[in-house]
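Asks: Top to bottom, those sequences are chains A and B.
Here the first sequence is numbered in our numbering, starting from 1 and rising by one per residue.
Here the second sequence is numbered in our numbering, starting from 1 and rising by one per residue.
Treat the hints loosely; a few may be bogus.
No more than 27 Å apart at the CA atoms, straight line, and that leaves these computed lysine-lysine pairs for DSS-like [as the list claims (entries may be wrong)]:
| no. | chain 1 | residue 1 | chain 2 | residue 2 |
| --- | --- | --- | --- | --- |
| 1 | B | 58 | B | 99 |
| 2 | B | 111 | A | 44 |
| 3 | B | 111 | B | 69 |
| 4 | B | 99 | A | 78 |
| 5 | A | 71 | B | 69 |
| 6 | A | 44 | B | 58 |
| 7 | A | 44 | B | 99 |
| 8 | A | 62 | A | 78 |
| 9 | B | 69 | A | 62 |
Covered by chain A, per the in silico footprint, the following chain B stretches (three or more residues, Cβ under 8 Å) [claimed, not checked]:
| no. | stretch |
| --- | --- |
| 10 | 39–45 |
| 11 | 69–82 |
| 12 | 87–100 |
| 13 | 103–110 |
What follows is a list of derived Cβ distance ranges for each label pair [said to hold, decoys possible]:
| no. | chain 1 | residue 1 | chain 2 | residue 2 | range |
| --- | --- | --- | --- | --- | --- |
| 14 | A | 30 | B | 42 | 41 to 47 Å |
| 15 | B | 72 | A | 17 | 41 to 47 Å |
| 16 | A | 102 | B | 7 | 24 to 30 Å |
| 17 | A | 15 | B | 9 | 28 to 34 Å |
| 18 | B | 64 | A | 52 | 37 to 43 Å |
| 19 | B | 29 | A | 103 | 19 to 25 Å |
| 20 | A | 72 | B | 80 | 23 to 29 Å |
| 21 | A | 39 | B | 82 | 25 to 31 Å |
Note that these hints are calculated values from the structure, not bench results.
Quick caveat, the model's predicted, so the values are computed rather than measured.
Positions of the beta carbon are idealized from the N, C-alpha and C atoms, including for glycine.
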Amino acid sequence: EAGVAQSPRYKIIEKRQSVAFWCNPISGHATLYWYQQILGQGPKLLIQFQNNGVVDDSQLPKDRFSAERLKGVDSTLKIQPAKLEDSAVYLCASSLSGTSGHEQYFGPGTRLTVT
Amino acid sequence: AQSVTQLDSQVPVFEEAPVELRCNYSSSVSVYLFWYVQYPNQGLQLLLKYLSGSTLVKGINGFEAEFNKSQTSFHLRKPSVHISDTAEYFCAVGGNTGKLIFGQGTTLQVKP
Numbered sequence: 001e002a003g004v005a006q007s008p009r010y011k012i013i014e015k016r017q018s019v020a021f022w023c024n025p026i027s028g029h030a031t032l033y034w035y036q037q038i039l040g041q042g043p044k045l046l047i048q049f050q051n052n053g054v055v056d057d058s059q060l061p062k063d064r065f066s067a068e069r070l071k072g073v074d075s076t077l078k079i080q081p082a083k084l085e086d087s088a089v090y091l092c093a094s095s096l097s098g099t100s101g102h103e104q105y106f107g108p109g110t111r112l113t114v115t
Numbered sequence: 001a002q003s004v005t006q007l008d009s010q011v012p013v014f015e016e017a018p019v020e021l022r023c024n025y026s027s028s029v030s031v032y033l034f035w036y037v038q039y040p041n042q043g044l045q046l047l048l049k050y051l052s053g054s055t056l057v058k059g060i061n062g063f064e065a066e067f068n069k070s071q072t073s074f075h076l077r078k079p080s081v082h083i084s085d086t087a088e089y090f091c092a093v094g095g096n097t098g099k100l101i102f103g104q105g106t107t108l109q110v111k112p
């Protein structure tokens, strides 16, 4: 079974530029999560999708971050404009459903550096 | 509100020695607890989880954890570590929606 795919793996941009990350979850997984992991910290949930609907985006900085999962499969996370404090690893995860009984499978992450 | 505190940021240990990584949680609702491992430049991998039932949970790679409701703890243990166990370990608490709240992480450094 293929795992969660993410691209790019690394990205370096200047502040005020825009950037987009892509995630392809495990086939058949209805729930998709985007986490932000700042160096030295644990991952923090940015947004949770159930199929193509948003379940939780309470910690997403909506003035600059946006995410979509139009067909309920793959997803994109965008930052525009980027700030220095956005430097982090962005992790995508998926699970069969949005309950804690189902394991979340994580992708390798995209490491973003904002200069 | 839910929160997780990992009491040690770094734990150095010699190979074949036992290890315990400490985790305390706070939750006002039913709690589900997890331990994840993260190797360098990789995503997180589930080691074990507690949803209900037996308070002693066994996971992959010889790890186990014990849920202690009175002490609100979920410490991770391994009786004999290997060099390959060197990694970052995260404790997490979840609720009914699947959302996970992670601790700050503990770096396990296994020395030869």
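Asks: Take the hints in turn and mark each one as holding or not.
Replies: Tested hints:
1. 58(B) x 99(B): Given pair residue 58(B), residue 99(B) holds - Cα atoms ~23 Å apart, limit 27 Å.
2. 111(B) x 44(A): Not satisfied, since the Cα-Cα distance of roughly 30 Å exceeds 27 Å.
3. 111(B) x 69(B): Violated, at roughly 33 Å.
4. 99(B) x 78(A): Distance of about 21 Å is within 27 Å: holds.
5. 71(A) x 69(B): violated (41 Å)
6. 44(A) x 58(B): holds (26 Å)
7. 44(A) x 99(B): It holds: about 10 Å lies between the C-alpha atoms, which stays within 27 Å.
8. 62(A) x 78(A): Judged against 27 Å, a Cα distance of about 10 Å means the pair holds.
9. 69(B) x 62(A): Since the Cα atoms of residue 69(B) and residue 62(A) sit roughly 37 Å apart, the hinted pair is violated (cutoff 27 Å).
10. 39–45: Per the Cβ count (5), the hint holds.
11. 69–82: This one is violated; 0 residues, fewer than the three required, reach chain A with a Cβ under 8 Å.
12. 87–100: This one holds; 9 residues, not fewer than the three required, reach chain A with a Cβ under 8 Å.
13. 103–110: holds (count 3)
14. 30(A) x 42(B): 41 to 47 Å: With Cβ atoms ~24 Å apart, the hint is violated.
15. 72(B) x 17(A): 41 to 47 Å: holds (44 Å)
16. 102(A) x 7(B): 24 to 30 Å: Because 28 Å falls inside the window, the suggested range holds.
17. 15(A) x 9(B): 28 to 34 Å: holds (29 Å)
18. 64(B) x 52(A): 37 to 43 Å: holds (39 Å)
19. 29(B) x 103(A): 19 to 25 Å: Roughly 20 Å apart at Cβ, these two residues keep to the hinted range, so it holds.
20. 72(A) x 80(B): 23 to 29 Å: violated (45 Å)
21. 39(A) x 82(B): 25 to 31 Å: holds (26 Å)
Comparing the model with each earlier hint shows violations of hints 2, 3, 5, 9, 11, 14 and 20; every other hint is respected.
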